[in-house]
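Using the sequences and the accompanying hints, generate a full structural model.
Residue numbers (numbering that gives the first Met the number 0), protein chains in the order written: chain D, 0 to 267; chain U, 0 to 249; chain H, 0 to 252.
No lab work stands behind these hints, which were simulated from the structure alone.
Be careful, since some hints might not be right.
[To be verified] Calculated lysine-lysine pairs in the DSSO-like style (CA-CA distance at most 27 Å, straight line): (1) U:Lys-141 - U:Lys-82; (2) H:Lys-147 - H:Lys-243; (3) U:Lys-141 - H:Lys-236; (4) U:Lys-52 - U:Lys-118; (5) D:Lys-82 - D:Lys-130; (6) H:Lys-151 - D:Lys-82; (7) D:Lys-240 - D:Lys-185; (8) D:Lys-240 - D:Lys-64; (9) U:Lys-53 - U:Lys-118; (10) D:Lys-121 - D:Lys-185; (11) D:Lys-64 - H:Lys-151; (12) D:Lys-121 - H:Lys-151; (13) U:Lys-82 - H:Lys-55; (14) H:Lys-55 - H:Lys-243; (15) H:Lys-8 - D:Lys-130; (16) D:Lys-82 - D:Lys-185; (17) U:Lys-141 - H:Lys-243; (18) H:Lys-151 - D:Lys-130; (19) H:Lys-8 - H:Lys-236; (20) D:Lys-64 - D:Lys-82; (21) H:Lys-8 - D:Lys-64; (22) H:Lys-147 - D:Lys-82; (23) U:Lys-164 - U:Lys-52; (24) H:Lys-8 - U:Lys-141; (25) H:Lys-243 - D:Lys-121; (26) D:Lys-199 - H:Lys-151; (27) D:Lys-185 - D:Lys-199; (28) D:Lys-199 - H:Lys-236; (29) D:Lys-130 - D:Lys-185; (30) D:Lys-199 - D:Lys-82; (31) H:Lys-147 - D:Lys-121; (32) D:Lys-199 - D:Lys-240.
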Amino acid sequence: MAMSQIKEAPNHIEVVGSDSAVSVRNITKNYGEVEALRDMSLEFPRGQLTSLLGPSGCGKTTLLKIIAGLLLPTSGYVEVNGKTVQGPGPDRAFVFQDFALLPWATVLNNVAFGLEMRGVAKSEREAIAEKYIGDVGLSGFEHSYPHELSGGMRQRVGLARALSVDADDLLMDEPFSAVDEQTRRKFQEDLLNLVQNENKTFIFVTHSIEEAVYVSDQIAILLPRPSRVSEIIRPSSFRNKGVDNIRRDPEYLDIVDDIWSSLRTYVE
Amino acid sequence: MHLFGYRLPGMSSLILWGLLWEIVGRADLTFFVPPLSEVLATLFAIIGTPAFKKALAETAYAFSLGVFFAVVIGIIVGILMGKNRLLDELLLPWVNVFLSAPLTALVPVLMVLFGFGMKSIVITTALFAVWIIILNSRAGVKQINRSLIEMANSFGASPMDAFFKIYFWAALPEILGGVRIGIIRAVKGVIIGQLLISIVGFGALFELYSANFLMGHFWAVLIVLFALAFTISEFLAYLERRVSYYAAKR
Amino acid sequence: MLSRANLLKILSALVLCGAWELAGRVPVSYAFPTFLDSMQAFFEMIGNGMMLAAYKETLRPLVIGIMISAVLGIGLGLWVGLNNFFDWLFSPIFIVMQAAPLAALIPLLVLAYGIGLTSKVLVVCIMAMPVIVLNTSGAVRNTPESFKEMGKSFLASRTSVLLRIVIPAASPVIFAGLRLGISAGFIGAILAELKITPTGVGDIITYSRSIADYPSMYAAIFSIILLAVLFLNLLEKIETILFKGNQRGYVSD
Numbered sequence: 000m001a002m003s004q005i006k007e008a009p010n011h012i013e014v015v016g017s018d019s020a021v022s023v024r025n026i027t028k029n030y031g032e033v034e035a036l037r038d039m040s041l042e043f044p045r046g047q048l049t050s051l052l053g054p055s056g057c058g059k060t061t062l063l064k065i066i067a068g069l070l071l072p073t074s075g076y077v078e079v080n081g082k083t084v085q086g087p088g089p090d091r092a093f094v095f096q097d098f099a100l101l102p103w104a105t106v107l108n109n110v111a112f113g114l115e116m117r118g119v120a121k122s123e124r125e126a127i128a129e130k131y132i133g134d135v136g137l138s139g140f141e142h143s144y145p146h147e148l149s150g151g152m153r154q155r156v157g158l159a160r161a162l163s164v165d166a167d168d169l170l171m172d173e174p175f176s177a178v179d180e181q182t183r184r185k186f187q188e189d190l191l192n193l194v195q196n197e198n199k200t201f202i203f204v205t206h207s208i209e210e211a212v213y214v215s216d217q218i219a220i221l222l223p224r225p226s227r228v229s230e231i232i233r234p235s236s237f238r239n240k241g242v243d244n245i246r247r248d249p250e251y252l253d254i255v256d257d258i259w260s261s262l263r264t265y266v267e
Numbered sequence: 000m001h002l003f004g005y006r007l008p009g010m011s012s013l014i015l016w017g018l019l020w021e022i023v024g025r026a027d028l029t030f031f032v033p034p035l036s037e038v039l040a041t042l043f044a045i046i047g048t049p050a051f052k053k054a055l056a057e058t059a060y061a062f063s064l065g066v067f068f069a070v071v072i073g074i075i076v077g078i079l080m081g082k083n084r085l086l087d088e089l090l091l092p093w094v095n096v097f098l099s100a101p102l103t104a105l106v107p108v109l110m111v112l113f114g115f116g117m118k119s120i121v122i123t124t125a126l127f128a129v130w131i132i133i134l135n136s137r138a139g140v141k142q143i144n145r146s147l148i149e150m151a152n153s154f155g156a157s158p159m160d161a162f163f164k165i166y167f168w169a170a171l172p173e174i175l176g177g178v179r180i181g182i183i184r185a186v187k188g189v190i191i192g193q194l195l196i197s198i199v200g201f202g203a204l205f206e207l208y209s210a211n212f213l214m215g216h217f218w219a220v221l222i223v224l225f226a227l228a229f230t231i232s233e234f235l236a237y238l239e240r241r242v243s244y245y246a247a248k249r
Numbered sequence: 000m001l002s003r004a005n006l007l008k009i010l011s012a013l014v015l016c017g018a019w020e021l022a023g024r025v026p027v028s029y030a031f032p033t034f035l036d037s038m039q040a041f042f043e044m045i046g047n048g049m050m051l052a053a054y055k056e057t058l059r060p061l062v063i064g065i066m067i068s069a070v071l072g073i074g075l076g077l078w079v080g081l082n083n084f085f086d087w088l089f090s091p092i093f094i095v096m097q098a099a100p101l102a103a104l105i106p107l108l109v110l111a112y113g114i115g116l117t118s119k120v121l122v123v124c125i126m127a128m129p130v131i132v133l134n135t136s137g138a139v140r141n142t143p144e145s146f147k148e149m150g151k152s153f154l155a156s157r158t159s160v161l162l163r164i165v166i167p168a169a170s171p172v173i174f175a176g177l178r179l180g181i182s183a184g185f186i187g188a189i190l191a192e193l194k195i196t197p198t199g200v201g202d203i204i205t206y207s208r209s210i211a212d213y214p215s216m217y218a219a220i221f222s223i224i225l226l227a228v229l230f231l232n233l234l235e236k237i238e239t240i241l242f243k244g245n246q247r248g249y250v251s252d
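Listed below in structure tokens is the structure:
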């Protein structure tokens, strides 16, 4: 196995090069008797995409929602840009697994929703929304309704909405799990381009090993019961090889295999 | 709803309303609302009386008979409609019409055709209940998973076997749901029938008490009626839950 | 050319009317007029203005009662749906009212409020309100969690979440509740007419019955059933158009 990846145990978290946009410190989350997260700490480097990968029940969505400010931790805290998180904020935007589009609103109004909640004037927010609708490839569908769109198109709307508020950090909760395989692959390629072109920090929750290794600059593997970070992987050599070549890169395949063998025992 | 940290049970606010009733009654705010305690005392007093028992028996008779016809006819027609496209297309518009029509308007017709007695009330009750039972039975049959039918055929099941061992159970949760709603409607039907035809059952009692301004008696009978209706409804909901454990996975 | 479905509908209507006609001629009973006789009486009454005058009387308590029920019902439903205390306080009352035969309260209302417009309006209200309140409160309470979360994540204020997310999401079920309430209101209005004092259409029914003018009686009954069915179907069509593609309210009463 080539030494072009860096594996680290969670206690010696040293982020090489960039600073942390988001810091998770000793987060514990209990639901009554159930311990969803226990003493979890993690750093998310600025401007990069970090995946939270793990089998179901390992608390990755819970952690993401705590970072988003949608859930409060039982103990511990999250720092975003040096400030402790108390609730949702303009610096973080969320992309939902089930799209969470308002069925009675057009695509344009859905994308403009975040801006509307921030008090942006109508003409301005519609202009911004139209730009991002074009960016995600949905030009022409501004006045369609969600039920007229396919699953993939709906998620693009959700993505456009999250991008339009121009937050520093984009939090994505299994965004591609509700679409078909072909659309999913296309999304993964688009995501790589997005990460390169936008100057944002991405935190990406997934249960697909291939997906995580494909899109991430850093992968945090979470294990359940108790939820903990078991390792952090930073694939390095195939990052810049172009979207079409990654899936056959030997390092890519090695990492995928390694992760599978360590996760195997946790599949029920 | 929490009080001092304890979770209050679902319908417990009724106790509060009961207290309110008692207070309003004692304060003698209006002739029409005697204190709850007086009503309850009257209730226990009249439950044993022959007049009450007769009314209950007549109502129960009309109700059971009406429900029986509605269930039998409803389920059979519903199943037939679910399986036969022609029948379905012919009858469905009418079922929908009668489902939303104010059936009360038909009671005078029944009175004229069948007289002022038990017969009309039974038919009223059945009419109120049957349409929703038909609709739900039809729905239950229609939503039977195609694969179950193909499975039955592939294992060579006879029509009788297929019906009783597979289709009946697959459609049952939906049918039970229809029966539950139908029975609630039947309760309304039997009362409306008695109110309009009014010489039998509880209808007669209500006439008697209101004519003599026996408010305590009136409320007592009303409570019994409401309690019965509610109990029946809850019992059916319970049955439905027992059967529906497999309903979501059909 | 008519579609098969419509053709069959017309066919079954013809069959029913034909059966009615035959049953009248047999005769099934002296009190059973033929279809044609009843239709003749029906059009006569329309022609001489009796029908219109009667409906003006009958529909009055209905319209007033429905408007009051809608405003009070939706208001109360929203309150109950959003506030846990009021949910605990009021839900049991309406749940009992839904299962119970409310028609039994009519004699009491007559005792208390006499035989005028007030008691008729009250009858319509007690029949219509429970389902409106319960549908509204249920819809508000069952707003999909992910919508509310989405609103929160985009920094929507509590008012915004209520007005822009919860209420629009609840609208289909609220509308369905209104439709069911109106249906119950119709029953209330007719009951009021037949039981309290006959005015309007109820008057036609009872009067014709007393003078054994059965065609008129059946015509009146036919007219009110027709009106109710047409109106409720219209509401359903409107519901379909308004909430096209949205989650629809599939609530049975």
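Going down the list of hints, with the structure as the test:
1. Between U:Lys-141 and U:Lys-82 the CA atoms are separated by roughly 7 Å; this keeps the pair inside 27 Å, and the hint holds.
2. Of the pairs offered as hints, the one joining H:Lys-147 and H:Lys-243 holds, with about 22 Å between alpha carbons and a cut-off of 27 Å not exceeded.
3. The hinted pair formed by U:Lys-141 and H:Lys-236 meets the criterion: a straight-line CA distance of about 24 Å does not exceed 27 Å.
4. As the CA atoms of U:Lys-52 and U:Lys-118 are separated by approximately 20 Å, the hinted pair is consistent with the 27 Å bound.
5. Taking the CA atoms of D:Lys-82 and D:Lys-130, the gap is near 31 Å; set against the 27 Å cutoff, the hint is violated.
6. The suggested pairing of H:Lys-151 with D:Lys-82 holds, with an alpha-carbon distance near 19 Å, which does not exceed 27 Å.
7. The hinted pair formed by D:Lys-240 and D:Lys-185 meets the criterion: a straight-line CA distance of about 17 Å does not exceed 27 Å.
8. Note on D:Lys-240 and D:Lys-64: the hinted pairing is violated, with a Cα-Cα distance of about 33 Å set against a maximum of 27 Å.
9. As the CA atoms of U:Lys-53 and U:Lys-118 are separated by approximately 17 Å, the hinted pair is consistent with the 27 Å bound.
10. Annotation: proposed proximity of D:Lys-121 to D:Lys-185 is violated, straight-line Cα distance about 32 Å (limit 27 Å).
11. Distance restraint check for D:Lys-64 and H:Lys-151: the Cα-Cα separation of roughly 11 Å lies within the 27 Å cut-off, and the hinted pair is therefore satisfied.
12. Straight-line distance between C-alpha atoms of D:Lys-121 and H:Lys-151 comes to about 20 Å, which keeps the hinted pair within the 27 Å bound.
13. Between U:Lys-82 and H:Lys-55, the direct Cα distance comes to roughly 44 Å. Violation of the 27 Å bound is thereby established for this hinted pair.
14. Under the criterion of a C-alpha separation no larger than 27 Å, the hint pairing H:Lys-55 with H:Lys-243 is inconsistent with the structure, at around 34 Å.
15. Pair hint H:Lys-8 plus D:Lys-130 does not hold up; C-alpha atoms about 51 Å apart against a cutoff of 27 Å.
16. Under the criterion of a C-alpha separation no larger than 27 Å, the hint pairing D:Lys-82 with D:Lys-185 is inconsistent with the structure, at around 35 Å.
17. A distance of roughly 24 Å separates the Cα atoms of U:Lys-141 and H:Lys-243; the hinted pair therefore holds under the 27 Å criterion.
18. Of the pairs offered as hints, the one joining H:Lys-151 and D:Lys-130 holds, with about 24 Å between alpha carbons and a cut-off of 27 Å not exceeded.
19. Using a Cα cut-off of 27 Å, the hinted pair H:Lys-8 and H:Lys-236 holds, with the two alpha carbons roughly 18 Å apart.
20. Of the pairs offered as hints, the one joining D:Lys-64 and D:Lys-82 holds, with about 17 Å between alpha carbons and a cut-off of 27 Å not exceeded.
21. Distance hint between H:Lys-8 and D:Lys-64 is unfulfilled; the C-alpha atoms sit about 55 Å from each other, more than 27 Å.
22. The hinted pair formed by H:Lys-147 and D:Lys-82 meets the criterion: a straight-line CA distance of about 25 Å does not exceed 27 Å.
23. Between U:Lys-164 and U:Lys-52, the direct Cα distance comes to roughly 42 Å. Violation of the 27 Å bound is thereby established for this hinted pair.
24. This hinted pair checks out: H:Lys-8 and U:Lys-141 have alpha carbons roughly 20 Å apart, not beyond 27 Å.
25. Proposed proximity of H:Lys-243 and D:Lys-121 is supported: the alpha carbons are some 25 Å apart, at most 27 Å.
26. With a C-alpha separation of about 21 Å, the suggested pairing of D:Lys-199 with H:Lys-151 holds against the 27 Å cut-off.
27. Between the alpha carbons of D:Lys-185 and D:Lys-199 the distance comes to roughly 20 Å, so the proposed pair stays at or under 27 Å and holds.
28. Restraint check for D:Lys-199 and H:Lys-236: the C-alpha separation of about 48 Å exceeds 27 Å, so the hint is violated.
29. At most 27 Å may separate the alpha-carbon atoms for a hinted pair to count; D:Lys-130 and D:Lys-185 meet this at roughly 21 Å.
30. Of the pairs offered as hints, the one joining D:Lys-199 and D:Lys-82 holds, with about 17 Å between alpha carbons and a cut-off of 27 Å not exceeded.
31. Distance check on the hinted pair: H:Lys-147 and D:Lys-121 sit about 22 Å apart at the alpha-carbon level, within 27 Å; holds.
32. A threshold of 27 Å between alpha carbons decides the hint, and for D:Lys-199 with D:Lys-240 the separation of about 21 Å falls inside it, so the pair holds.
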